[in-house]
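> Here the protein sequences come in this chain order: A and B.
So in this note's numbering the end of the first sequence lands on 639, straight run, no missing numbers.
So in this note's numbering the end of the second sequence lands on 321, straight run, no missing numbers.
These are computed hints drawn from the structure, not numbers from a lab.
Do not take every clue at face value.
Residues of chain B placed beyond 12 Å of chain A at every Cβ, according to the derived structure [to be verified]:
#, residue
1, Pro-192
2, Ser-240
3, Ser-297
Just the calculated beta-carbon pair ranges, DEER-fashion [to be verified]:
#, chain 1, residue 1, chain 2, residue 2, range
4, A, Glu-221, B, Lys-289, 15 to 23 Å
5, B, Phe-265, A, Glu-19, 45 to 53 Å
6, A, Gln-263, B, Glu-189, 42 to 50 Å
7, B, Val-315, A, Pro-591, 40 to 48 Å
8, B, Lys-234, A, Leu-155, 55 to 63 Å
9, A, Thr-21, B, Glu-189, 50 to 58 Å
Backbone N, C-alpha and C define an ideal beta-carbon position, used for all residues, glycine too.
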Amino acid sequence: MALRGKVAVIDLTKGEITKNSIPEKLRRLYLGGRGLQAYLIYNHLKPGADPLGPDNVLVTSAGLLTGTMAPAAARSQWGGKSPVTGAIASSNMGGFFGSELKFAGFEHLVVKGASKKPVYLWVHDDEIEIRDASHLWGKDTFETQQIIREELGDEDIKIGCIGIAGENLVRLANFRTGPKDAAGRTGTGCIAGSKKLKAVAVRGNLGLRLAHPQKALEYAKEAIDKIMMTKVAKAMGVDGTSYIWNVTNTSGLLEWMNAQTNKFPFGDWHNMTIERFHEEYSVGIAACFNCTVHCRHQFRLKEGALVGAFGEGPEYNTQTAFGTFGLDNWGDMLLGWHLANLYGIDTTGWCNAVRGCMELYQRGIIDKKVTGGLDLSWSNAKELTPKLLQLTAKNEGFGAIVGQGPLGIIKELSKYSDKIDYYILHCKGLGKLGNVDRVQPSFSLGIATSTRGADHLRSRPALDHYHLPEDVLEKLYGGYVSSDFTSYDGKARMVRWHELTYAVVDSIGTCKFQTVFFSPNLPCYEEWCKYLLYNAGLEFTPEELFDIGERVYTLERMINQREAGHTRKDDYPPERSFKEGLPYGLGPVKGKHLVRKKYEKMLDEYYELHGWDKDGIPTSGTLKWLELDQEPSHII
Amino acid sequence: MQKTIVVDYAKCTGCRLCETVCSLFNEGEINPQLARIKIIRWEWDGVQIPTICQQCDDAPCLAVCPVGALHRNKALGCVSVNYGKCIGCKVCVSACPFGAMSYDFKNNRVIKCELCDGDPMCVKFCETKAVQYVDMSMVAVPKKRDLGLRILTEVSKSEAP
Chain A
4 MALRGKVAVI DLTKGEITKN SIPEKLRRLY LGGRGLQAYL IYNHLKPGAD PLGPDNVLVT
64 SAGLLTGTMA PAAARSQWGG KSPVTGAIAS SNMGGFFGSE LKFAGFEHLV VKGASKKPVY
124 LWVHDDEIEI RDASHLWGKD TFETQQIIRE ELGDEDIKIG CIGIAGENLV RLANFRTGPK
184 DAAGRTGTGC IAGSKKLKAV AVRGNLGLRL AHPQKALEYA KEAIDKIMMT KVAKAMGVDG
244 TSYIWNVTNT SGLLEWMNAQ TNKFPFGDWH NMTIERFHEE YSVGIAACFN CTVHCRHQFR
304 LKEGALVGAF GEGPEYNTQT AFGTFGLDNW GDMLLGWHLA NLYGIDTTGW CNAVRGCMEL
364 YQRGIIDKKV TGGLDLSWSN AKELTPKLLQ LTAKNEGFGA IVGQGPLGII KELSKYSDKI
424 DYYILHCKGL GKLGNVDRVQ PSFSLGIATS TRGADHLRSR PALDHYHLPE DVLEKLYGGY
484 VSSDFTSYDG KARMVRWHEL TYAVVDSIGT CKFQTVFFSP NLPCYEEWCK YLLYNAGLEF
544 TPEELFDIGE RVYTLERMIN QREAGHTRKD DYPPERSFKE GLPYGLGPVK GKHLVRKKYE
604 KMLDEYYELH GWDKDGIPTS GTLKWLELDQ EPSHII
Chain B
161 MQKTIVVDYA KCTGCRLCET VCSLFNEGEI NPQLARIKII RWEWDGVQIP TICQQCDDAP
221 CLAVCPVGAL HRNKALGCVS VNYGKCIGCK VCVSACPFGA MSYDFKNNRV IKCELCDGDP
281 MCVKFCETKA VQYVDMSMVA VPKKRDLGLR ILTEVSKSEA P
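Chain B with its partners taken away, still in its complex shape:
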């Protein structure tokens, strides 16, 4: 079964190692501006949220591309860019509801998460497991476990002498 990246916002510490390794793997340089994953911060409230392509089933980027440069990667299930066809019109950037389609200002082309050939670097380096790469059938399981853990903690607290 195919796998997908799942984000748990509450676990993100905002270290941005995901941005670092993503840009290094995909662009050959450390440049968070060119990373496919980005941590959005509200620094004065202590909030940090990883944003990344959700590889939508009915992907708006894919639907609006006027030249068919975006296609579904059958092996990985992600939306991929065919740079031979891409004309750099950025309509996909406008259409994406998550801001996950980015523009590579160095090479003048759109960029997005294509799952690092099946071994996503952001997941590999995320120590707190705020981003995980899980089997489609398991998408909601980590969250269920976390909820269970929270309940368990509350129960043990209320039963404490």
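Chain A on its own, in the form it takes in the complex:
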């Protein structure tokens, strides 16, 4: 085993730190990153722990191959028990934090307990110090990183930190690194805040020894050349993820005004295109660690409260988040995005919460008495956004309701109507993004069964939109899958395949954007086997990796069952997707919504493929063959 990253367990209550090496047995079962993190959460989290209490854990992980020659192996992963959903917290980010954690000699940090006063971790060359962070409390996510660099005297220190939202125990608070990246979803920043952990600073000179350095170099070149030949790599290098937006917008696949319509209802949508961003705000494009695709936009705000401020982003998801409730131009969207980044708030989650509340306001279910005087009209989005973001970050006024995410909002506002749950769009308590799901059964099933709640990054079957020949689909998925994106046929197979596949990708630590996620011509299992062999000296077959995906996904499912009691009832998209047809769009989408009977059948097929029973519980036979019947095994 060439890579020797350790697992450190840091008890902030006692101030104790223990370090363990990772046994090869666990490597073969879980790889690293998200996989081994699920193992660490299941083993170290006290069952039934309060997400905001000292018994919760915050686990920071680098992928098994993060920092190596595997292309775009930059990812780090953050998790625990989610303050937003009560189920697994699990969020993945790019940037330079993960590789630096590896260079510092560690792969996973398990933070337990809680400190009495603000602290940060200084992780460097096999050492970990718990340092005072009193002077960092109250600082935004940009300032915090720079102050740490200056006080430790090294501009190359990489930092994951929370903003004031995390400090104030806002459930939608996230972890951030650099100017751009965020482990955005499921409230990891809130867990850190509850532990009084402001930041994790990493720096390393230890270096990574590879199993076969020459082969790793040669194969990386071959793989990169193949990746850069694809159209999607070229498009991403110019427009980033926003290259999709024009297509989804004009084809009626975006949900505006909290999914009430799928046709742009504000101003002129041309003001929101990536072309307009390039003309007016772009100042360059950058890359994460070891990535040749470079999809990180760089911008400067040129008007408003933060004129002149530099930031990175936006993403497609910025447009589908801030854009879909009335910010109809880049200046307003970027200001919202940048403020959320400074405060450390999940933009997808926050915008989902605001959209839902705006519809409640539109319908007269809540009014200014409830919102503390805030005007939640769609036409007031520009005025509202900075105000409500600030209130959210401070956990004050109506912001204290919005910042809790779907479950908290439903609890707080249900006294005004029994329909709140219908208008706050979520799965498993995590807010839904602004994409239409109801005409694409694979997308609906994916966000509904996602182990972290409504989110596309657990299984997004983008290929479903490409109308690929069915023999190509059959070869990829190992069985019949319809090439019609509105069909239910074979989509259970498709979703389960993507779930397992992305679990593997997140465990290895490469970026999803350089995988089959976007194109069948991008790296997949055969390539990953070579990455693992040449870099880590680990020999796997594609089938073995696929089985690891099933193990990781099923273990996450077990965490959700243990902590949140999730069963079949939690595997449905928002009710609206079954009831309301899309008002606009071309023939295949107009007037369409999900059909419950077909969805139920698809869900049955999905469970069967996973080896779970009709209620979505893994069978004893499944647990046995996945070796999950021995968990929690407490090996580390």
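Starting from the known structure of chain A, fit chain B onto it as the hints suggest.
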């Protein structure tokens, strides 16, 4: 004719793949601290600049070395270190105006770019061509072409209906 590495700062995306492949090729491990090329970042302004040995014609490192451990590699034209002679005094590190002479803290010796035996890894892996290995006669040509392209873009913009 000999070749040299040319840097175009504006093209660098800051991915640091050059640091990775440089250290792996030259040190046998991935360790950006031991890479001969380094990306300097001003993260809060979105600026990233590759720094690397310029293989100066009148090289200060070579001139100040008290034991003659640095010499001109005739085949490649770069300044090379003779580790048999190097005493690790680091005077060359002080003299280099670019910070391109580094110190290998693992093996206690100075290190610098020696062009990977004529096939520089940083160039090979740089997707945006922010670092290029070009014939000496061509040193300024890529920049001239870029300028031409910029002018062309401006002209076509002003002539657009």
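> If a hint holds in the structure, say so; if it does not, say that too.
Now the hints, each set against the structure:
Here Pro-192 (chain B) does not stay apart from chain A, with its beta-carbon only about 7 Å from theirs, under the 12 Å limit. The claim that Ser-240 (chain B) is not at the interface with chain A holds, since no C-beta of that chain comes within 12 Å of its own (minimum 22 Å). The claim that Ser-297 (chain B) lies off the interface holds: its Cβ sits roughly 28 Å from the closest Cβ of chain A, which is beyond the 12 Å cut-off. For the hinted restraint 15 to 23 Å between Glu-221 (chain A) and Lys-289 (chain B), the CB-CB distance of approximately 21 Å keeps it satisfied.
About 30 Å separates the C-beta atoms of Phe-265 (chain B) and Glu-19 (chain A), a value inconsistent with the hinted range of 45 to 53 Å. Look at Gln-263 (chain A) against Glu-189 (chain B): about 56 Å separates their beta carbons, and that is not inside 42 to 50 Å. A hinted range of 40 to 48 Å for the beta carbons of Val-315 (chain B) and Pro-591 (chain A) is consistent with their spacing of about 44 Å. About 44 Å separates the C-beta atoms of Lys-234 (chain B) and Leu-155 (chain A), a value inconsistent with the hinted range of 55 to 63 Å.
Between Thr-21 (chain A) and Glu-189 (chain B) the C-beta distance comes to about 27 Å, which lies outside the given range of 50 to 58 Å.
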